[in-house]
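There are 2 protein chains.
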Amino acid sequence: MLIRSFNPPVRTLMGPGPSDVPPRVLEALSRPTIGHLDPAFITMMDEVKELLQYAFQTGNALTMPVSAPGSAGMETCFANLVEPGDKVVVCQNGVFGGRMKENVERCGGVAVTVEDSWGEAINSAKLEETLKVHKDAKIVAMVHAETSTGAQSDIAKLVKLAHAHGCLTIVDAVTSLGGTPVKVDEWEIDAIYSGSQKCLSCTPGLSPVSFNERALEKVRSRKSKVQSWFLDLNLVMGYWGEGAKRAYHHTAPINALYSLHEALLILREEGLDGAWDRHFKNHLALRAGLEAMGLLFVVNKADRLPQLNAVTIPEGVDDAKVRSRLLKEYNLEIGAGLGALAGKVWRIGLMGHSSRAENILLCIGALESVLGDMGANIKRGVALPAMQKAMGKR
Amino acid sequence: MLIRSFNPPVRTLMGPGPSDVPPRVLEALSRPTIGHLDPAFITMMDEVKELLQYAFQTGNALTMPVSAPGSAGMETCFANLVEPGDKVVVCQNGVFGGRMKENVERCGGVAVTVEDSWGEAINSAKLEETLKVHKDAKIVAMVHAETSTGAQSDIAKLVKLAHAHGCLTIVDAVTSLGGTPVKVDEWEIDAIYSGSQKCLSCTPGLSPVSFNERALEKVRSRKSKVQSWFLDLNLVMGYWGEGAKRAYHHTAPINALYSLHEALLILREEGLDGAWDRHFKNHLALRAGLEAMGLLFVVNKADRLPQLNAVTIPEGVDDAKVRSRLLKEYNLEIGAGLGALAGKVWRIGLMGHSSRAENILLCIGALESVLGDMGANIKRGVALPAMQKAMGKR
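Line by line, the protein sequences are chains V and L. Using my numbering, the final residue of the first sequence is 560, and nothing's skipped along the way. Using my numbering, the final residue of the second sequence is 560, and nothing's skipped along the way.
Wrong hints could be hidden among the right ones.
To be verified - Using 25 Å as the maximum straight-line C-alpha spacing, the simulated DSS-like pairs for lysine-lysine come out as follows:
no.: 1; chain 1: V; residue 1: K267; chain 2: L; residue 2: K391
no.: 2; chain 1: V; residue 1: K467; chain 2: V; residue 2: K545
no.: 3; chain 1: V; residue 1: K389; chain 2: L; residue 2: K487
no.: 4; chain 1: V; residue 1: K391; chain 2: L; residue 2: K487
no.: 5; chain 1: L; residue 1: K545; chain 2: V; residue 2: K267
no.: 6; chain 1: V; residue 1: K411; chain 2: L; residue 2: K301
no.: 7; chain 1: L; residue 1: K304; chain 2: V; residue 2: K391
no.: 8; chain 1: L; residue 1: K301; chain 2: V; residue 2: K510
no.: 9; chain 1: V; residue 1: K391; chain 2: L; residue 2: K447
no.: 10; chain 1: L; residue 1: K301; chain 2: L; residue 2: K389
no.: 11; chain 1: L; residue 1: K487; chain 2: V; residue 2: K253
no.: 12; chain 1: L; residue 1: K304; chain 2: V; residue 2: K304
no.: 13; chain 1: V; residue 1: K389; chain 2: L; residue 2: K411
no.: 14; chain 1: V; residue 1: K494; chain 2: L; residue 2: K487
no.: 15; chain 1: L; residue 1: K411; chain 2: V; residue 2: K487
no.: 16; chain 1: V; residue 1: K253; chain 2: L; residue 2: K301
no.: 17; chain 1: L; residue 1: K391; chain 2: V; residue 2: K411
no.: 18; chain 1: L; residue 1: K326; chain 2: V; residue 2: K411
no.: 19; chain 1: L; residue 1: K349; chain 2: V; residue 2: K389
no.: 20; chain 1: V; residue 1: K391; chain 2: L; residue 2: K510
By construction, these hints were calculated from the structure, which means they are not laboratory data.
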């Protein structure tokens with residue numbers, strides 16, 4: 167096979183992640199590689215920790231990026247906190263709750279699931295019922311923002327409930343962090359993980375995590391070793407911990423961390439309030455356009471994530487063909503449905519740097535063109551005015 | 167804390183990795199991010215597989231980069247191949263053999279170690295003895311190039327021995343791949359892992375692995391699930407497998423894979439023979455300089471790795487001070503000793519793009535200056551002519 171340097175097409179990324187990566191972050195990625203024990207690098211690691219503490223709204227000392235994608239961040243939480251035989255209640259309202267269950271079982275834990283329909287938020291009454299029955303549960307795991315459906319759950323309330331029943335909490339904030347409020351200390355979340363490639367608009371491959379003292383106490387007092395050497399926080403903290411002296415554990419992904427540093431700096435410059443506000447306003451504009459066209463949202467209004475908009479594919483429309491045409495004709499990526507929603511919905515992301523007015527215009531315009539051309543039953547010529555009205559422009 | 171964009175110092179990396187990353191690879195890293203299911207990306211993934219097959223000298227279909235550093239590549243091999251109760255013989259002649267043992271035990275396996283002195287190659291007679299005693303052993307694990315000592319072992323011979331006793335083999339090629347011959351098919355290695363940041367001169371964060379059919383058969387016929395969801399090859403192969411249709415498993419580290427693609431392309435352009443030859447010749451030149459100065463190698467001549475040169479720190483010399491001065495005065499990084507060799511040796515890497523004549527000159531010149539200035543007992547003024555002679559120049 168003749169292989170040349172890979173020059174990727176320039177896409178607009180409006181799927182469920184990765185999101186568009188701003189030029190500043192891409193440029194930071196290509197700065198000269200230095201050693202993972204270089205004093206200059208260790209200073210940068212401390213800054214990354216501080217910036218992540220801001221993003222997570224926490225003072226947790228153990229706040230750092232795992233050197234692998236979000237699924238490894240998830241596994242870091244479960245592998246460190248679940249001991250063989252531990253009962254874990256998993257709230258499941260989409261694909262990622264299912265993955266949490268898999269994690270519990272592979273760690274030797276016993277998973278008890280609280281199931282809600284896909285597209286709905288986690289029902290706190292059901293969780294309470296379950297906790298009353300399973301009094302020996304030790305952990306409750308929940309997804310804040312279900313990337314597979316676009317539903318957002320009330321984490322503050324669910325965590326309070328878990329604590330009232332003596333359970334620790336693990337929260338998936340992969341799609342929420344930076345796009346919608348995540349308040350680790352205020353909500354008293356014990357362990358949380360996220361991803362670099364969603365609302366932080368960094369390149370994919372890193373998973374920020376944060377553990378409070380209560381969670382760390384469980385890790386420290388384990389009777390068995392953490393089953394993963396790579397993800398064992400007792401070891402990882404020798405490298406990511408306090409002080410100038412760091413013990414080698416694994417070689418950190420140096421350049422990826424440059425880019426996370428830059429992405430987090432951009433977030434701090436805008437401010438969390440600013441970022442949350444931008445995500446919400448842009449969601450309103452996109453929603454106005456999509457609804458004017460006649461597309462229906464999967465999730466009810468109250469539980470919708472601003473950064474991930476799941477809409478039902480109109481009857482008779484060829485899902486794959488639409489997405490393929492959007493990509494070929496407009497270099498626009500939107501997301502397919504996942505799991506039970508495959509072929510039934512599109513997931514339109516407005517995450518991080520992708521959450522911009524120009525992207526919304528492109529998306530609505532391209533969708534209207536392609537769907538119209540394919541003879542789909544949509545209203546034409548009304549989306550743009552509806553969006554403009556929602557944006558406060560006329 | 168006031169935090170600004172991080173602009174790293176420009177170092178010359180002659181430690182045990184990361185090695186110097188060539189500008190082409192850094193530039194590739196900063197190309198626009200696209201989706202992990204984008205058809206253009208999938209084509210690139212196929213090219214990465216083909217380029218890795220060349221680097222590993224294998225036709226194995228399961229040849230791909232794990233989305234995390236070398237330690238996760240190691241864990242991929244053990245977590246997939248070791249089932250609870252399996253007896254695994256681990257050859258241990260340095261830090262990384264010890265880490266393999268940890269992996270076996272955390273997977274529920276029973277580790278039997280064959281220990282050799284640090285700095286020595288693995289002794290095949292000792293391995294044979296052990297295999298005769300432990301007839302129920304299922305796997306033999308061995309490190310090709312011990313990064314902690316600079317010793318190279320005869321993998322072809324050891325694998326043959328393991329097979330003769332009915333065992334599968336796991337080989338650590340983190341520091342060897344691209345720098346010294348690694349012939350997966352010819353040597354009949356069953357499972358192997360490496361790292362991106364050593365002789366491939368890519369940025370750190372990826373771990374190429376390759377499994378042959380025999381190893382895959384063991385993965386497929388497991389009685390228990392792989393304990394790591396993230397590293398479960400049964401799932402990962404749905405994404406990295408054959409054909410245009412790929413199932414989402416985790417979000418691939420897109421930009422990191424661009425850089426691996428470029429680094430592997432550079433390797434193929436030079437050719438493996440050319441790269442091995444360059445690593446060896448540059449080692450001879452560095453060695454001539456170091457030995458002329460009076461520094462002694464840890465490993466005997468026959469077992470020395472060309473790309474990792476461990477030398478004993480002269481009596482009375484302050485290890486940390488020397489490395490700190492090299493970094494501050496010359497922007498040169500050399501490696502400290504690890505584990506039992508901490509404070510006793512320096513590890514000078516000539517890996518990938520770091521294996522260049524100009525780096526050798528810098529290293530010898532800087533070492534001679536700093537050690538001389540600190541009053542160490544070394545010969546001065548003789549290293550440069552010795553190196554030039556070794557390089558065939560006068």
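So, going through the hints one by one against the coordinates:
Between K267 of chain V and K391 of chain L, the direct Cα distance comes to roughly 13 Å. Compliance with the 25 Å bound is thereby established for this hinted pair. Straight-line distance between C-alpha atoms of K467 of chain V and K545 of chain V comes to about 21 Å, which keeps the hinted pair within the 25 Å bound. Pair hint K389 of chain V plus K487 of chain L does not hold up; C-alpha atoms about 41 Å apart against a cutoff of 25 Å. Under the criterion of a C-alpha separation no larger than 25 Å, the hint pairing K391 of chain V with K487 of chain L is inconsistent with the structure, at around 36 Å.
Of the pairs offered as hints, the one joining K545 of chain L and K267 of chain V is violated, with about 64 Å between alpha carbons and a cut-off of 25 Å exceeded. Only pairs whose Cα atoms come within 25 Å are accepted, and K411 of chain V paired with K301 of chain L is rejected, the gap being roughly 44 Å. Pair hint K304 of chain L plus K391 of chain V holds up; C-alpha atoms about 23 Å apart against a cutoff of 25 Å. Only pairs whose Cα atoms come within 25 Å are accepted, and K301 of chain L paired with K510 of chain V is rejected, the gap being roughly 55 Å.
Among the hinted pairs, K391 of chain V with K447 of chain L is inconsistent with the structure: their alpha-carbon atoms are about 45 Å apart, more than 25 Å. For the hint pairing K301 of chain L with K389 of chain L, the CA-to-CA distance comes to about 21 Å; that is within 25 Å, so the pair holds. Distance restraint check for K487 of chain L and K253 of chain V: the Cα-Cα separation of roughly 51 Å exceeds the 25 Å cut-off, and the hinted pair is therefore not satisfied. The straight-line distance between the Cα atoms of K304 of chain L and K304 of chain V is roughly 37 Å, outside the 25 Å bound, and the hint therefore fails.
Note on K389 of chain V and K411 of chain L: the hinted pairing is violated, with a Cα-Cα distance of about 43 Å set against a maximum of 25 Å. Pair hint K494 of chain V plus K487 of chain L does not hold up; C-alpha atoms about 58 Å apart against a cutoff of 25 Å. This hinted pair checks out: K411 of chain L and K487 of chain V have alpha carbons roughly 15 Å apart, not beyond 25 Å. For the proposed pair K253 of chain V and K301 of chain L, the alpha carbon gap of about 39 Å is over 25 Å, so the pair is violated.
Distance hint between K391 of chain L and K411 of chain V is unfulfilled; the C-alpha atoms sit about 38 Å from each other, more than 25 Å. For the given pair, K326 of chain L sits about 43 Å from K411 of chain V by alpha-carbon distance, which is inconsistent with the 25 Å threshold. Straight-line distance between C-alpha atoms of K349 of chain L and K389 of chain V comes to about 42 Å, which puts the hinted pair past the 25 Å bound. With a CA separation close to 31 Å, the supplied pair K391 of chain V and K510 of chain L exceeds the 25 Å bound.
Hint compliance for this structure: hints 3, 4, 5, 6, 8, 9, 11, 12, 13, 14, 16, 17, 18, 19 and 20 are not met, and every other hint is.
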